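Protein chains in written order, with the numbering used here: chain E, 1 to 287; chain A, 1 to 287; chain L, 1 to 287.
Quick caveat, the hints were computed from the structure, so don't treat them as lab data.
Keep in mind the model is a prediction, meaning the values are calculated, not measured.
Do not rely on the hints blindly, as some may be mistaken.
What the hints assert, rightly or not - Only part of the chain L face toward chain A is listed, based on derived beta-carbon distances under 8 Å:
{"id": "1", "residue": "Tyr-13"}
{"id": "2", "residue": "Glu-16"}
{"id": "3", "residue": "Ala-22"}
{"id": "4", "residue": "Gly-25"}
{"id": "5", "residue": "Leu-28"}
{"id": "6", "residue": "Pro-45"}
{"id": "7", "residue": "Pro-73"}
{"id": "8", "residue": "Gly-76"}
{"id": "9", "residue": "Ser-126"}
{"id": "10", "residue": "Phe-129"}
Claimed, not checked - Beta-carbon label-pair distances, calculated as ranges:
{"id": "11", "chain 1": "L", "residue 1": "Arg-199", "chain 2": "E", "residue 2": "Ala-3", "range": "50 to 56 Å"}
{"id": "12", "chain 1": "E", "residue 1": "Ala-3", "chain 2": "A", "residue 2": "Gly-245", "range": "55 to 61 Å"}
{"id": "13", "chain 1": "L", "residue 1": "Glu-150", "chain 2": "E", "residue 2": "Ala-244", "range": "55 to 61 Å"}
We treat Cβ as the ideally placed atom computed from N, Cα and C, and that holds for glycine.
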Amino acid sequence: MTAYGGIAFLTDYGLEDAFVAACHGVLLDLAPSAPVVDVTHLVPPQDVRRGADVLANAAPYLSAMVLVAVVDPGVGGERRPVALEAGDSVLVGPDNGLLLPAADRLGGPRRAVVLDRPDLFLHPVSATFHGRDIFCPVAARVHGGLALDEAGTPVDVGSLHRLPPPVSRWGTGWLEAEIVHVDRFGNVALAAGQDELDRIGSVPGGTVEVSPVGAGPADTGAVGGGVGEPLRATVGHRFTSVPAGEVVVHVDSDRRVAVAVNLGRADDRLGVRAGDVVRVRACGPRG
Amino acid sequence: MTAYGGIAFLTDYGLEDAFVAACHGVLLDLAPSAPVVDVTHLVPPQDVRRGADVLANAAPYLSAMVLVAVVDPGVGGERRPVALEAGDSVLVGPDNGLLLPAADRLGGPRRAVVLDRPDLFLHPVSATFHGRDIFCPVAARVHGGLALDEAGTPVDVGSLHRLPPPVSRWGTGWLEAEIVHVDRFGNVALAAGQDELDRIGSVPGGTVEVSPVGAGPADTGAVGGGVGEPLRATVGHRFTSVPAGEVVVHVDSDRRVAVAVNLGRADDRLGVRAGDVVRVRACGPRG
Amino acid sequence: MTAYGGIAFLTDYGLEDAFVAACHGVLLDLAPSAPVVDVTHLVPPQDVRRGADVLANAAPYLSAMVLVAVVDPGVGGERRPVALEAGDSVLVGPDNGLLLPAADRLGGPRRAVVLDRPDLFLHPVSATFHGRDIFCPVAARVHGGLALDEAGTPVDVGSLHRLPPPVSRWGTGWLEAEIVHVDRFGNVALAAGQDELDRIGSVPGGTVEVSPVGAGPADTGAVGGGVGEPLRATVGHRFTSVPAGEVVVHVDSDRRVAVAVNLGRADDRLGVRAGDVVRVRACGPRG
Chain E
1 MTAYGGIAFL
11 TDYGLEDAFV
21 AACHGVLLDL
31 APSAPVVDVT
41 HLVPPQDVRR
51 GADVLANAAP
61 YLSAMVLVAV
71 VDPGVGGERR
81 PVALEAGDSV
91 LVGPDNGLLL
101 PAADRLGGPR
111 RAVVLDRPDL
121 FLHPVSATFH
131 GRDIFCPVAA
141 RVHGGLALDE
151 AGTPVDVGSL
161 HRLPPPVSRW
171 GTGWLEAEIV
181 HVDRFGNVAL
191 AAGQDELDRI
201 GSVPGGTVEV
211 SPVGAGPADT
221 GAVGGGVGEP
231 LRATVGHRFT
241 SVPAGEVVVH
251 VDSDRRVAVA
261 VNLGRADDRL
271 GVRAGDVVRV
281 RACGPRG
Chain A
1 MTAYGGIAFL
11 TDYGLEDAFV
21 AACHGVLLDL
31 APSAPVVDVT
41 HLVPPQDVRR
51 GADVLANAAP
61 YLSAMVLVAV
71 VDPGVGGERR
81 PVALEAGDSV
91 LVGPDNGLLL
101 PAADRLGGPR
111 RAVVLDRPDL
121 FLHPVSATFH
131 GRDIFCPVAA
141 RVHGGLALDE
151 AGTPVDVGSL
161 HRLPPPVSRW
171 GTGWLEAEIV
181 HVDRFGNVAL
191 AAGQDELDRI
201 GSVPGGTVEV
211 SPVGAGPADT
221 GAVGGGVGEP
231 LRATVGHRFT
241 SVPAGEVVVH
251 VDSDRRVAVA
261 VNLGRADDRL
271 GVRAGDVVRV
281 RACGPRG
Chain L
1 MTAYGGIAFL
11 TDYGLEDAFV
21 AACHGVLLDL
31 APSAPVVDVT
41 HLVPPQDVRR
51 GADVLANAAP
61 YLSAMVLVAV
71 VDPGVGGERR
81 PVALEAGDSV
91 LVGPDNGLLL
101 PAADRLGGPR
111 RAVVLDRPDL
121 FLHPVSATFH
131 GRDIFCPVAA
141 RVHGGLALDE
151 AGTPVDVGSL
161 HRLPPPVSRW
171 GTGWLEAEIV
181 HVDRFGNVAL
191 AAGQDELDRI
201 GSVPGGTVEV
211 SPVGAGPADT
221 GAVGGGVGEP
231 LRATVGHRFT
241 SVPAGEVVVH
251 VDSDRRVAVA
261 VNLGRADDRL
271 GVRAGDVVRV
281 RACGPRG
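Bound conformation, chain E alone (with noise of 0.2 Å):
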């Protein structure tokens, strides 16, 4: 009997190669009645953050899974292979960052082991591809039954790495935010929620002023030191709030404060990507 309904991975492994068919192989193998539910493989090559910010916005809809992810710059190195619980799910892979944001989301990390047991491995075990011999056949023998503290030896959560926090600062009337998604749509997403909207003084139907400033935190509470022209957005609630190719603010589904074009491509207007930093100025009800 399994406590789980799943099975959820994610990589940067890409869709043109043998990697994610391999790790589907040994998934059936070892945990044939369980679903598997492909996240993403298409992380860009060895980008931690991205894949924690994706697996992030996933975790709260794979409920009671065991979420295996894999980007992994430092695999075969020092990093260790981790297991840990958060919520109902357990999540499985390097130490390098990617999983706290899920585990975040989830509640927090309760409990962590590190993976120390070869029998537990696919062998022989290669130097280079750990998502197929060791975090896939100790994810299926996790959603199989198998206890987390049976999977390896207990760390403290204190000792899992983080990456560091986005950007994220407000003053009277202004935030500054990191980028922390662009999504296919040209989406801009903010590390910045409703609270940090509120507490700036904008309100729906109001007008801000989008800018982009730098990769970098910003310095002042100045406007327009940034690398291109600000843009007069509505406060929204969709993307339908404003007509076609005028730019909104919103609440985003993952509810993260995003810049939105209707019909369009706020990260080409904004000429940014994640990673820069985007200051928001509230410029009252009417502008």
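Since the structure of chain E is provided, determine the placement of chains A and L on it from the hints.
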């Protein structure tokens, strides 16, 4: 007990974000035993016509399934969320023309409802991600046995939004038809079938002339008023009806008149893409 | 009762059209309880060699499955549709060289049949889409228990079409081998294994020189006759055997000699792609 063999899923969400995985998580949660077939998630963003065409091509082979499709530039606006019955299947998605071509392939829509029962949705319902919050939850429940008329309020199938039909016209010895699909291999499929090909007097082994005639409906029977030079093509049954690099006009695996180049790309040779209009003129058995 | 754990599926159909979904629909209809693993559908159009290589890399991890593979530039022509047994698996596809490298990894083809029983096909059988109409229906039926010799007429496995073997040659202190695969990360895998690496006298921690020598077989033992400058590389076991940006030659997770750049792309550094030939020359423990 369910009458359906699984759930098929088509969107323009792409494969690099968490959108598809979140939907899969919802489907797995609410319909844990339903096999899910991903039709495609690579419909170009907000290209309803392309989404409708791919769904229609897949539908005859997805028998007795619940088909949930989301290409939804009007999400959160006035367009209605709907479900409809056709053949042994149910289609779920926005009422923007996306579903009807597939329903037509299954025998035409018989009954339809507007999805207006919030108790069937995932809460909080976002304004921008109805695939996750409305369409997939309803599809999963229908797969689980919820009757169509319990999924919402009945509406006349005649009230459902239809895309304008593609250009398709013919005269003595010629037809002009819109390109409804260009596939990965560069094959060019037209809004015409075997009947239209017969009607112009083309015969297997005979020769036709194929010319692009621009993006709009052509208005005369004259040859060569288009944007490119005519190609000579053989009427055949398969790609290998002609030598490598030569052009064949055949009825394709979706039963549409198609232009192909054996071991080459017809779209490049004609300089066309979906939405353009092509003229086919019969030249007789010996050209 | 079936002897197989599922169906694996590889094509060059791409992920944007309805081809893959139509095949999944057929598989689901005829083998509703079979798990389906998509190996890849992004083989470059009609690139039989690449398809064969990816299938061969995945096959050892897809144990006791029915593998259906379709990269089929000759569809509808003279090439035979076949099924063959190897290891605990059955492979189904066109007889154009696509299946044999995978069969070899599973112990070699034991028995083969030509698929010539139309009653097993989906009708009407199209001339251009045998994945949907022939290969998937037969694969599903074999998964369901149909014996191989009931799927068609036996043929000598020696009669099956084989791709020409990749270039692989060596002399005193050097080897020259064709690049059989460049993966998403830019890692360059050669038609050579640990034995060939040992034979040239390379030792772990030692240095080798890696040079591209063009697209054809090289004909001398002289160094540097290729198209690029030699790279100095360390013989190691993992990417992290060398500092970031440096070159390592190792035996990869498919047990092939591979050239990699730690946190970089070896294909770019060497200016090579699959099909090119690379020379590796041992320089001894200290170079």
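So which of the earlier hints does this model not fit?
-> Those not satisfied: there are none.
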